[in-house]
Amino acid sequence: MAGRNPLSWVSSVADWFEQRGVYVPGEDNHTVDPWRDFGWLIVAWLVGCGTFILFLAMAV
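Per full-length UniProt numbering, the sequence shown starts with residue 1, numbered consecutively.
These are computed hints drawn from the structure, not numbers from a lab. Even for Gly, the Cβ is constructed at its ideal location relative to N, Cα and C. Keep in mind that a hint or two might mislead.
Said to hold, decoys possible - Simulated restraints, written as ranges between beta carbons of each label pair:
{"no.": "1", "residue 1": "A59", "residue 2": "W9", "range": "21 to 31 angstroms"}
{"no.": "2", "residue 1": "A59", "residue 2": "Q19", "range": "14 to 24 angstroms"}
{"no.": "3", "residue 1": "W16", "residue 2": "G48", "range": "13 to 23 angstroms"}
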């Protein structure tokens with residue numbers, strides 16, 4: 001039943017980002033990788049858009 005819990009999905013996404021590595025300030029010897037450097041911002045934006053769309057769908 002762990003697959004149905006939304007918090008387990010968020011936890012697995014967090015684990016995925018941590019396994020890929022996180023941005024360390026001052027580490028300028030690599031190119032900008034959007035998923036590595038801004039992954040949490042992208043995921044938060046997608047979750048926010050999805051929540052907004054669900055809110056509008058329920059309001060109709």
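Check your understanding: Which numbered hints does this structure break?
Key -> Those not satisfied come down to hint 2.
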